[in-house]
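> The primary structure of each chain is shown beneath.
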Amino acid sequence: MALASELPAQSDRWATFANTLRKRAFRSPSDSFTSVFIFGLMLYMAWTMIDWAILSAVWRAEDVENCANTGGACWSVIAARHRLILFGLYPFEEHWRSTLACLAIVATVVLSCLPRFWSTSRLITLWIVGFGAYVVLMDGRLIGQPVVTTDQWGGLALTLFMFSAVVLLGMPLGLLLALARRSKLPVVRGAASLLIDFIRSLPLLTTLFAAAVVIPLLLPDWLNGDKIWRVIVGFALFFACYQAEVFRGGFQAIPKGQFEAGKALGLTPFQTLSRIVMPQVFRHALPSTINMVVVTFKETAIVIIIGFFDVLASANAAFGTVEWAPYYIEVYAFVGAIYWIFIFSLSQYGEYLKARMAVAKR
Amino acid sequence: MDAAALKLRRSRRDMLVQTLLVVFVVLVIWVAISTAHTNLTELNMTSGFGFLERATGWSYSFSLIDRSIDDSYAKTLLIGFLNTLFLGLICIVLSTILGFAIGTARDARQLGLNSLATVYIQLFRNLPLILQLVFWYAVLIHMPGPRQAYTMGEVAFLSNRGLMLPGFNVSPTVVLAMIAAVALLAVVIFRQKSLQPVQKLLLWLVSGIGAMLLLAWIFAPADSSIFSIPAQQGLRFRGGIGVPIELVAMILAITLYGSAYIAEVVRGGLNEVPSGLTEAGKALGLSSRAIWFYIKMPMALRTIMPPLGNQWIFIMKATTLGVAIGFSDLFYIVSTSITQSGQTLELMGLLMLSFLLINYSLAQFVNFMNARLALKGH
Chain P
1 MALASELPAQ
11 SDRWATFANT
21 LRKRAFRSPS
31 DSFTSVFIFG
41 LMLYMAWTMI
51 DWAILSAVWR
61 AEDVENCANT
71 GGACWSVIAA
81 RHRLILFGLY
91 PFEEHWRSTL
101 ACLAIVATVV
111 LSCLPRFWST
121 SRLITLWIVG
131 FGAYVVLMDG
141 RLIGQPVVTT
151 DQWGGLALTL
161 FMFSAVVLLG
171 MPLGLLLALA
181 RRSKLPVVRG
191 AASLLIDFIR
201 SLPLLTTLFA
211 AAVVIPLLLP
221 DWLNGDKIWR
231 VIVGFALFFA
241 CYQAEVFRGG
251 FQAIPKGQFE
261 AGKALGLTPF
271 QTLSRIVMPQ
281 VFRHALPSTI
291 NMVVVTFKET
301 AIVIIIGFFD
311 VLASANAAFG
321 TVEWAPYYIE
331 VYAFVGAIYW
341 IFIFSLSQYG
351 EYLKARMAVA
361 KR
Chain X
1001 MDAAALKLRR
1011 SRRDMLVQTL
1021 LVVFVVLVIW
1031 VAISTAHTNL
1041 TELNMTSGFG
1051 FLERATGWSY
1061 SFSLIDRSID
1071 DSYAKTLLIG
1081 FLNTLFLGLI
1091 CIVLSTILGF
1101 AIGTARDARQ
1111 LGLNSLATVY
1121 IQLFRNLPLI
1131 LQLVFWYAVL
1141 IHMPGPRQAY
1151 TMGEVAFLSN
1161 RGLMLPGFNV
1171 SPTVVLAMIA
1181 AVALLAVVIF
1191 RQKSLQPVQK
1201 LLLWLVSGIG
1211 AMLLLAWIFA
1221 PADSSIFSIP
1231 AQQGLRFRGG
1241 IGVPIELVAM
1251 ILAITLYGSA
1261 YIAEVVRGGL
1271 NEVPSGLTEA
1281 GKALGLSSRA
1291 IWFYIKMPMA
1301 LRTIMPPLGN
1311 QWIFIMKATT
1321 LGVAIGFSDL
1331 FYIVSTSITQ
1341 SGQTLELMGL
1351 LMLSFLLINY
1361 SLAQFVNFMN
1371 ARLALKGH
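Chains as they are written, first to last, in our numbering: chain P, 1 to 362; chain X, 1001 to 1378.
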């Protein structure tokens, strides 16, 4: 670590920057040529994008007839249809509930990133409260609002619902599977390994399809439940099998001596696990866990194939009328931007944590 | 209580837990089988694989071999399996090549190359694959019709009917022979120890193209050219190889997404190479290309190979998204077969078995590569 006095002063920063440029972009004639060419290309592309998306764009829903002439983006489609994209078929007058519910999930995810919440009990409470708030708001029964059943939930709200339900169910299940896989009992260990390896070698779509279509054939009616819950449980199982491997990596980082030390102190195996081993496992597994959560959020998008009205399906519906059909690029750009911002910030946060932990280890 | 008694009690408890688990699993399976049996009897369905002989009676978007709607379920499923393999292998090859190029650029000191690669990776890695897929598909179906098709030198055309490419004027059997010949050349050439990597690559390219031309010259019909060039005729194209838009969209989306992931893997591998080694190369006066070929890549490959194998398996699994845009991969064929024939359990079994087989073979190949790359004597 550089001391504060060693850090370059303000005037030196420019010199450092120029030095970097000289070393990394303009070292030789061919180097300079490559730099000028690539940065020129990137500037040109950026300018084209800005011109399309902002300067020549049409913004208001009423101005849609101008769209054909300007050659820029036609954001009128978003102005007119953003409620459909965000909330799907949820009753129009109740959209405020859907908005609050989405904010509850986003707040849950953001708060879990703060070190203040990094204890098992706090994280569990946070996620149960966040998820519970979502369900109570969307359903409406407990707060004396009109009841809206799950088949009317849609758009971004449904995507966030499935995502948080999968993480909430899958995390403890993943821990259970990881523990079962390191069990001393051969039958337990074998069963867990078989399940994990089997699910991991199948595409997610196969698991979800099996949950939606095959399970009703195999289970008696009273066990079946809604399709949405079956798919969530199937997805959570998929998440758990990958997360179990992440936890396993965390377990491998714990020296064997710590288990023995726990035993020598007269702790029960449960105490050793919960007081000594697990806190370290969580710490080691944190960056990979964030990565898994990001991947899960991305993969949630495929529930459209199983027939759910998620944000991608509602986007398709948004330009599904004759009037809006030409503006599919704008709709996909809007949905893409929502996904990208969420995924990019979470994965950058994961990178930051990884770097921070590498420093702590050193 | 003495130690022996404690031990006995513990082993009894362990036995009890395991027995309970076995009983529970057997119970679940028994309930599943008996429920399936009652459900199927109610629906008047016969279980078993007899339906594989029946004709399907429906059509689908893409096949590598001749097909008709009178084909049996067995043949249709085989076509789906071949389509999945075909698409998966193309995407694996393309995204590996692209991924190595972009990963190297991401590792470069050159600021321009580095930032371009960073933008590429952050853009394509942070969007759901299925969103990219439906986007490219939407862009492709909004392409102009064949009359206004985009063209490259009048030999390749891109329109809303798909991509038309020039090809050889030979039968599919000869094409298989060409692929075999090129693969054989690769095995022979890359075993030569006396040649440098760049020379090997060049030699393989030249001799491969030569072998293909020779085979085409021998087997093409006597009265026509050895090339088949697409030509626009009314509302369609004649000649050449037609790539349907579903396949173009699949290859485009999976390759962009997969290469961004592979680029990160490659960058990670290159990053792990100790800087002392590259500095030693510089001190010896090696060019930066030689340093990359002889020092960085061989060292990095050992770290790159295991995660690269995982990416290959991911790409194979990603082909199942074809069902979203109507590309007839194995999952599409299976799910259509389920709706048409109702043989859910058998078809799901076949689907799972196929993926276990594909992933197992890929994992074996990666293990073989790892063993080849391992440092001798370590």
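Hints listed in this document are in silico derivations from the structure and should not be mistaken for laboratory results.
Predicted model, so just to flag it, every value in this text is computed and none were measured.
For glycine and all other residues, C-beta sits at the position ideal for the given N, C-alpha and C.
Be careful, since some hints might not be right.
Partial list, computed: chain P residues near chain X (C-beta under 7 Å) [said to hold, decoys possible]:
| # | residue |
| --- | --- |
| 1 | Met49 |
| 2 | Ile50 |
| 3 | Trp52 |
| 4 | Ile54 |
| 5 | Leu55 |
| 6 | Val187 |
| 7 | Arg189 |
| 8 | Gly190 |
| 9 | Val214 |
| 10 | Ile302 |
| 11 | Gly307 |
| 12 | Tyr332 |
| 13 | Phe344 |
DEER-style ranges, computed between Cβ atoms [unchecked claim]:
| # | chain 1 | residue 1 | chain 2 | residue 2 | range |
| --- | --- | --- | --- | --- | --- |
| 14 | X | Leu1284 | P | Phe344 | 38 to 44 Å |
| 15 | P | Thr48 | X | Ser1059 | 23 to 29 Å |
| 16 | X | Leu1286 | P | Gly307 | 57 to 63 Å |
| 17 | X | Asp1002 | P | Leu142 | 39 to 45 Å |
| 18 | X | Phe1049 | P | Val106 | 55 to 61 Å |
| 19 | X | Gly1145 | P | Ser193 | 35 to 41 Å |
> Work down the list of hints and note, for each, if the structure agrees.
Verification of the supplied hints:
A least Cβ separation of about 11 Å between Met49(P) and chain X goes past the 7 Å threshold, and the interface hint is therefore violated. With a cut of 7 Å, the hint placing Ile50(P) at the interface with chain X is violated, because the nearest CB-to-CB distance is about 15 Å. Below 7 Å, beta-carbon pairs count as interface contacts, and Trp52(P) has none with chain X, the closest being about 15 Å; its hint is therefore violated. Evaluation of the Ile54(P) hint against chain X yields a violated restraint, the C-beta minimum of about 18 Å exceeding 7 Å.
With its C-beta approaching chain X no nearer than about 21 Å, Leu55(P) sits outside the 7 Å limit, and its interface hint is violated. At its closest, the beta carbon of Val187(P) sits 4 Å from a beta carbon of chain X; the interface hint therefore holds under the 7 Å criterion. This hint is violated: Arg189(P) has a C-beta 10 Å from the nearest C-beta of chain X, more than the 7 Å allowed. Checking Gly190(P) against chain X: minimum C-beta separation of about 10 Å lies over 7 Å; hint violated.
For Val214(P), the shortest C-beta to C-beta distance to chain X is roughly 5 Å, which falls under 7 Å, so the interface hint holds. Satisfaction of the interface hint for Ile302(P) is found here, the shortest Cβ-Cβ separation to chain X being roughly 5 Å, below the 7 Å cut-off. Against a cut-off of 7 Å between C-beta atoms, the interface hint on Gly307(P) is violated, since the closest Cβ of chain X lies about 11 Å away. Checking Tyr332(P) against chain X: minimum C-beta separation of about 5 Å stays under 7 Å; hint holds.
The interface hint given for Phe344(P) is met, as the beta carbon of that residue sits about 5 Å from the closest beta carbon of chain X, less than 7 Å. Against the hinted window of 38 to 44 Å, the Cβ-Cβ separation of Leu1284(X) and Phe344(P) comes to about 41 Å, which satisfies the hint. For the pair Thr48(P) and Ser1059(X), the supplied restraint of 23 to 29 Å is violated, since their beta-carbon distance comes to about 41 Å. Checking the proposed 57 to 63 Å range against Leu1286(X) and Gly307(P) shows it holds: the Cβ atoms sit about 58 Å from each other.
The hint said 39 to 45 Å for the Cβ distance between Asp1002(X) and Leu142(P), and at roughly 57 Å that hint is violated. The beta-carbon spacing between Phe1049(X) and Val106(P), approximately 49 Å, falls outside the hinted interval of 55 to 61 Å. Taken as a hint, the range 35 to 41 Å is violated for the pair Gly1145(X) and Ser193(P), whose Cβ atoms sit roughly 55 Å apart.
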